[in-house]
Amino acid sequence: MKNRKTLLAGLCGVSLLLAACGTSGSDSSTGSAPGAQGFTPPKLAALTQLGQPEGQLNVLAWPGYAENGSNDSKINWVKPFEDQTGCKVTVKPFGTSDEAVTLMKTGQYDVVSASGDASLRLVASGDVEPVNTALVPNYNDVYPFLKNKAWNSVNNVAYGIPHGWGANVLTYRTDKVSPEPTSWSPMFDVNSPYKGKIIAYDSPIYIADAALYLMAHQPDLGIKNPYALDDKQFNAAVDLLKKQRPNVSEYWSDYLKETQSLKNADAVIGTAWQVTVNLAKSEGAPLGATVPSEGATGWSDTWMVSAKSQHKTCAYKWMDYIISPKVNAQVAEYFGEAPANSKACAEMTDKTLCDTYHANDAAYAAKIQYWTTPIQQCLDGRTDVKCKDYGDWTKAWTEIKG
Amino acid sequence: MTAVSPPSRRASAFFFRKPKLRLGILLSAPLLWLGLAYLGALAALFITAFWSTDVFTGKVVTDWSFDNFVTLFTDSVYRTITLRTVGIALLVTVIDAVIAFPMAFAMAKLASPKAQRILVIAVMTPLWASYLVKAYAWRTLLSGNGAISWLLSPFGLSGPGYGVAATVITLSYLWLPYMILPIYAGLERLPDSLVDASGDLGARSFRTFRSVILPLAFPAIVAGSIFTFSLSLGDYIAVKIVGGTSQMLGNVVYDNIGAANNLPFAATVAIVPVVIMLVYLAVVRRTGALNNL
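Those sequence lines, one after another, are chains A and B. Residue numbering for the first sequence follows the UniProt record's numbering, beginning at 1 and increasing consecutively. Residue numbering for the second sequence follows the UniProt record's numbering, beginning at 1 and increasing consecutively.
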């Protein structure tokens, strides 16, 4: 009897501890006056001046953004940075924005290459802080159309350094798919000839791809922005994806797994990043990639600094280094995207790449629907309806996969 | 002998006189471990299940509610996933039992003592290799260009591709040793004289198997099934690698932590396999299988 009581007391102790930990986060951003983006970020100050490099840096990056020679011994732009600054770099690649957001909460990473569907969540939760762009000399050369955007700034305060951008392309096996697709229809048509051979991205944000398709094919739904969906529009997009599911062979979040599927022709058509296409092609898979007539969703990535970082000088040095013309060009070329630095194009080995990715084409950049975190306040400016927020998107995604 | 005995001697004499204290000190460390690390974690899980998260910032909101449980029970998708998961776990268990029994029987009753040792090692070798390597190996085998399709193609058949069938195959492969070893241990303990006696009384081999061997080995099979069933129930990696579009309970937990950052709902879902396992254990307790572990 006595023992049982002790055990109970122990259990209560654990739960109390947990309760105490849990409440520490409730001083959140749900304050009164929301800013232009529907929320007020926690008050955090940007770094005012650089100190001595701390000798260490933990980088959380999209695969291909911070290569340290582990995938290809010739591709290494981490080493020169270490030599220059003495900051020893540890790189952790992530597969989806959701993963990045969760990992940033641990406070173990100093910088992160965040896409638009992650950045605002990081800002709102106080996981990243504003950046002092004056401490990043190369920021001056960044294309103006990438600066102070909805996904990398709040109320005109910059929260990061633009890195590069690109589209989620439609890729296909040239030997199995003909004619060459110019529309997303083979992906979404219930009677697609590529039934069971379709590969789609595994993240709630993929719902936007369906919404983008509906923008062109069901104009009566009135979708203006695939990240601002009211009830009716949202349900239409979810329905479309539920109908797509039986035709899908796999959902991918690991780009290497997708590369393998395309190489083995287990999948012949799907959404991909240019880096996946390049990688599979280099391994001998006959692949084509295109931005179809409906347009595409895409990413515009930003390097952000963790609010909890212990290595902020190294973090700023990294941000300046990774968008310096030469390195920005190397990364853009390796990953297959448009660089953020306007001087990067001159540094490319393949001089046509900047044209291929429309690097200095602001009009083209505007056509891509960049990943943005869906919030209740409609991002397309409508005030008469409530939009579905990311929590709803996540729930729907579980339902779609069934 | 007037010399004072050494402290160690005095301590052991002291503990000899107080057996309860001795037992208490011996058990305190494991009990603390069980209480804090194990039951404490389960309790924390259960408590978290009643909380929620701020979907945008991802912070845990410690307001008590049954919302998560309501979602779990009312959304048909979670029912579907639970049934699929239990179905896969049962199928894996049955397949493993069917494959494991003859193997374990041969090992325990037919092989020479030397061969027995070698066979036990052979059964255990796959456990020394990484889970991921084995699962990815199956991904390659099951691919459209893989060995299985290549073997089946002369007969006009194709492989199962990625999906539930592939998941069952992969999991059955992964957990097979966990079924063979308990059955082997059970059959080894079965006295040969019983089999002989059955034969002397005129039973043919099938009758001996049905009336003597199987009833005596049954608790061992159930003991193995606890491993295969519970391991399959909690798995989420194999299905991610070879499962195509299908998902299991583990994936819902993983996605809610990794993607949605909704720890409370993940905790709610994680309680489902715990409850299923408790029910399962309550049922198999009657067979005496737990004495066999």
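Since the hints were derived computationally from the structure, they do not count as laboratory data. Hints are not guaranteed to be accurate.
Unchecked claim - Some, not all, of what chain A presents toward chain B, calculated at C-beta under 10 Å:
#: 1; residue: 196
#: 2; residue: 257
#: 3; residue: 291
#: 4; residue: 333
#: 5; residue: 391
#: 6; residue: 399
Yeah, the Cβ is synthetic: ideal placement off N, Cα and C, and Gly gets one too.
Here is what the structure says about each hint:
The beta carbon of residue 196 of chain A is positioned within 10 Å of a beta carbon in chain B (closest approach about 8 Å), and the interface hint is therefore held. Annotation: residue 257 of chain A was flagged as interfacial toward chain B, and the flag holds, the nearest CB pair being 8 Å apart, inside 10 Å. For residue 291 of chain A, the shortest C-beta to C-beta distance to chain B is roughly 25 Å, which exceeds 10 Å, and the interface hint is violated. Proximity of residue 333 of chain A to chain B is violated relative to the hint, the smallest CB-CB distance being about 29 Å (cut-off 10 Å).
Annotation: interface hint on residue 391 of chain A holds; nearest CB of chain B at approximately 3 Å, less than 10 Å. Below 10 Å, beta-carbon pairs count as interface contacts, and residue 399 of chain A has one with chain B at about 5 Å; its hint therefore holds.
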